[in-house]
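J.: Below, each chain spelled out in residue letters.
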Amino acid sequence: MFKQSKWPKTLIFDKSTPGRQGYQVPELSSLEREQLEKARNTISNNLLRKSSPNLPEVSELEVVRHFTRLSQMNYGVDSGFYPLGSCTMKYNPKICDTAASMLQAQNIHPYQPADTVQGSLQVMYELASWLAELSGMTGLTLQPAAGAHGEYTGIMILRKYHETQNNLVIKNEIIVPDSAHGTNPATVSMCGFKTIVIPSNGDGCVDIDALKSSVTERTAGMMLTNPNTLGIFEPNIKEITEIIHGVDGLMYYDGANFNAIMGKVRPGDMGFDIVHFNIHKTFATPHGGGGPGAGPVGVISRLVPFLPVPTVAYNPADDKYSFNYDHKYTIGKVRSYFGNFSTLLRAYSYILRLGQAGLTRVSEMANLNANYMKTQCARIKGFSVPYGENSSCMHEFVLSAKKLCKETEITALDISKYLLDNGLHPPTIYFPLIVPEALMIEPTETEPKEVIDDFIEVLKKISELAYSGKTTDILKAPVSTSIGRIDDVKAAREPIISYRMLKAKRNE
Amino acid sequence: MHSIQHLTHPFLPQTESQIKTMLKTMNISSIENLYSGIPKELRFEGELNLPQTHSEQETLRKIQLVLQKNMTTDCLISFLGAGIYSHFIPSVVPSIVNRSEFITSYTPYAPEVSQGMLQGLWEYQSMIAELTKLDLVNSSMYDFATALGEAALMATRATKKGVLLIPEYIQPERFSTLVTYTTGPDVKIETYPCDKQSGQVDIEKLVNIIELNKNQISGIYIENPNFWGVIEEEIVQVGEIAHEENSLFIIGFDPISLGLLKSPGELGADIAIGDGQSLGLPMNFGGPLLGLFAVKNDRKLVRSMPGRIIGLTTEQDSTERAFTMTLQTREQHIRREKATSNICTNNALCALASTVYLSLIGPNGLKTLAETSIAKAHLLANQLSGCSEISSPHFTGPFFKEFVFTLNSPSLMNEFTDFMRMRNILPGLSLIKDFPSLGASYLTSVTEMTMSNDIKLFLDSVDDFFSTHGGK
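Listed in order, the protein sequences are those of chains B and C.
Each residue of the first sequence is one higher than the one before, starting from 915 at the first, in our numbering.
Each residue of the second sequence is one higher than the one before, starting from 31 at the first, in our numbering.
Derived from the structure by calculation, the hints contain no laboratory data.
The structure displayed is predicted, hence computed values, not measured ones.
Just so you know, even glycine gets a beta-carbon here, dropped at the ideal spot from N, CA and C.
Some hints could be false.
[Unchecked claim] Under the rule of at most 25 Å between Cα atoms (straight-line distance), these lysine-lysine pairs were calculated in the DSS-like manner:
| id | chain 1 | residue 1 | chain 2 | residue 2 |
| --- | --- | --- | --- | --- |
| 1 | C | Lys326 | B | Lys1074 |
| 2 | C | Lys50 | B | Lys1374 |
| 3 | C | Lys330 | B | Lys1417 |
| 4 | B | Lys1419 | C | Lys50 |
[Unchecked claim] Here are some of the chain B residues that sit facing chain C, going by a computed Cβ distance under 8 Å:
| id | residue |
| --- | --- |
| 5 | Lys923 |
| 6 | Pro967 |
| 7 | Thr1052 |
| 8 | Gly1053 |
| 9 | Pro1099 |
| 10 | Asp1123 |
| 11 | Tyr1243 |
[Claimed, not checked] Stretch by stretch, here's where chain C covers chain B in the computed footprint (C-beta under 8 Å, at least three residues):
| id | segment |
| --- | --- |
| 12 | 1059-1073 |
| 13 | 1264-1270 |
| 14 | 1348-1361 |
Given these sequences and hints, build the entire structure.
T.: In structure tokens form, the structure reads like this:
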């Protein structure tokens, strides 16, 4: 039986003992000490800090033990099944961590001369060309720090494109389907456009009539995930791209679901103009409890001049790599330096490790696992797959517990908590919004059939318990985790988001 | 069109017979059938021009061969800084953040199994709050540059005004990113200059620029220490001016400097931003970094903050302490086009690394690190000033761990750089391209990693250079 570690949640601040230290700074020489006094005297007293910051004073072992215990109250892919839909929580190969921990990768300053960073530049150059090949794009930037940052970069490229066409005054709308991730409309706003939401049709796909009636000369472009958030490939994608291109709009490909299609179909061939990748999803880099990720963006040839600078160039004549700042209409920079290099190096290692045949097989196995799960889950009493029940899905599917909820009052939330008690991370719940009591399930290619079968068995058990009225264990779940259900309302009503605020509250 | 032959690979567990069983369960004859939803004319038929599958051993060998072309800062005498700094990273930091329960977890959407990461991130927010003396901290942005971009947008949201004043002497990458971030929402950027001698804000000129933009200023941004490494002695006044204009006062800070210098909170900041790379993260050729974002405790400001925030609460049925993501109604997955930002994936693991780092060094360690940096930087600046061909430091204002030095003969700059490069010395960031008015100048950075011998070798090389080039 699963039982997560449970340690007292003592704050590291409350473990502090004045005088302790977990790290030793090398001593200054006498000359340096002398210099310190002089240096300090150059700064007027009212600009010097009067008291040291209230950081904890703990020994090295206390630090190690504190954070080791915290790690034991955390669940990762290495702990167990993590079928969080749209997040592609596949196994993160250890070799990629080994590569990223090499000193030749880590101890490099971004402003070193080009002749001292040829290795890093080669990694970036080759990775960019591989990602371009996978997506059918011509040029690529590795600068964006995450998927949403890639979206931002892509839509800024779109914006600059219309600006150079002198069209920006008219073109101020971007079309987004109602099933899209929240990042899409949020990105549209950050880039100064208006979001036009179009409804999905009965199959969960883009409603062509609704699209046609929304497209006008104001349409600057459209953001689309394909396969979409329901795990369904948009069958009318060619028509969609033609409609958008018909008004000189650009098609933006949200790469959240790229794991489904590697080697099978490419966004460039579908008619997309701009593509972002979620490196931490498709290319297996660890998500680190929230990041860092990386969100490279590929573009078709006529948009290459708009890419952020610099990109990396290679000169075969002298076998040298260099930065290329020559992009005529560049949108500028979207962050400092060149990208999340250590994340990109992991992706580079991952692609080498799988190779072209392996990556194609990755997508096939991801889709096989998802379809197998879908078939089995849809047969369980109380559950259904409202979109695409009788056709194949791609790498994920959305299960609805609407019937179960109506007949037994067991909700998707309850299901997710009971899964936790069985040592399984729950799927994404209540998304996309168009599916009631949604459970968005993405098993990924790295999970063995046995693990998938276990998950299905737990869902069956939930159904049996619910329909036989034995719902106590489900309703009080989770009990095997380091904490039970959490009071989110209190957290938002009286926010305590730092120790300073907690101290103030204690003193009240 | 057919699926590829069965491939045995350590990352792909399904055996051939399992695949058959699974297909049978679905009443499907082959994997290829799963792709029947894709229109045939769109299918990719060729072979991708990608590397062949490499074994683990071959992959590592290839990566070693490629990365061997790099020269690390361990083999160089590097005085490069300008936003990214070489600091010692205690072994505990990677040992903790590479624990697989942390590194292989997703954003803590299921808080009951993610208390470890949530508490770690809450402690991160708390430590940055202690450093800055500002209560509200988000659980990270991508880097300093994007934190500045987000701060600019937040200032406009909070004040409903559209002009941000910034120093014309900020890090060029930061400036370029800010320009990109403010393009869409149409926030105007106006710059104010520094005094040519002191390298500090020219208050008189700042006031003139404010007059020209009366009632439109969303915020005034200043860095302390600034891009020249100089401490802004009139920073409190700048904050007062900002508040008289009903604008937000935004301070960019170096976290290590806060072991010695007054915190942004004490200086009057409404928002403080910076980079946490100094706090236990490798330089990694510029990423990932750690965008610090702290805000004054004000009900109105908290609602316009970008980024994820972790809150402390309790279990529903008890008083037991619990952590959870909170104030999410600001965020994209709920507010969609009305969200304060589109950020979701941030740099959580980097935030955790900095939490481990700050726990180790504690208040005294931070103070000692700051003292070490300033002492060594001043030592180098003084000793360089002994060379008659060099002006060091270029500016008269007090400085922390970075300073600008200038060759008196501008024509020697390329030769000087090359000469030093031949001896594996990187004297600092050349400023000639971005700030030509400073002449042949370098921005030089010193940390605890700078050894006395590094300084000696640099100074000897400076002497050697000028004994053969002009002067002396």
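J.: Taking the hints in turn, state whether each one holds.
T.: Now the hints, each set against the structure:
Between lysine 326(C) and lysine 1074(B) the alpha-carbon distance is near 35 Å, which puts this suggested pair outside the 25 Å criterion. The straight-line distance between the Cα atoms of lysine 50(C) and lysine 1374(B) is roughly 23 Å, inside the 25 Å bound, and the hint therefore holds. The suggested pairing of lysine 330(C) with lysine 1417(B) holds, with an alpha-carbon distance near 22 Å, which does not exceed 25 Å. Simply put, lysine 1419(B) and lysine 50(C) have alpha-carbon atoms about 61 Å apart, too far for the 25 Å limit, and the pair is violated.
With a cut of 8 Å, the hint placing lysine 923(B) at the interface with chain C holds, because the nearest CB-to-CB distance is about 5 Å. Hint status for proline 967(B): holds, given a least beta-carbon distance of 5 Å to chain C, under 8 Å. A cut of 8 Å between beta carbons decides the hint on threonine 1052(B): the least distance to chain C is about 13 Å, and the hint is violated. Taken as an interface hint, glycine 1053(B) does not check out: its beta carbon lies about 16 Å from the nearest beta carbon of chain C, beyond 8 Å.
Hint on proline 1099(B) holds. Least Cβ distance to chain C is approximately 4 Å, under the 8 Å limit. Given hint, aspartate 1123(B) at the interface with chain C, is violated; its Cβ is 19 Å from that chain's nearest Cβ, farther than 8 Å. Contact between tyrosine 1243(B) and chain C, as hinted, is not supported at the beta carbon level, the nearest pair being about 13 Å apart and thus beyond 8 Å. Using a Cβ-Cβ cut-off of 8 Å, 9 residues of the segment 1059-1073 of chain B lie near chain C, which meets the minimum of three, so the contact claim holds.
For the segment 1264-1270 of chain B, the stated coverage by chain C holds: 6 residues have a C-beta nearer than 8 Å to a C-beta of that chain, and at least 3 were required. Under the rule that three or more residues need a Cβ within less than 8 Å of chain C, the assignment of the segment 1348-1361 of chain B holds, with 3 such residues.
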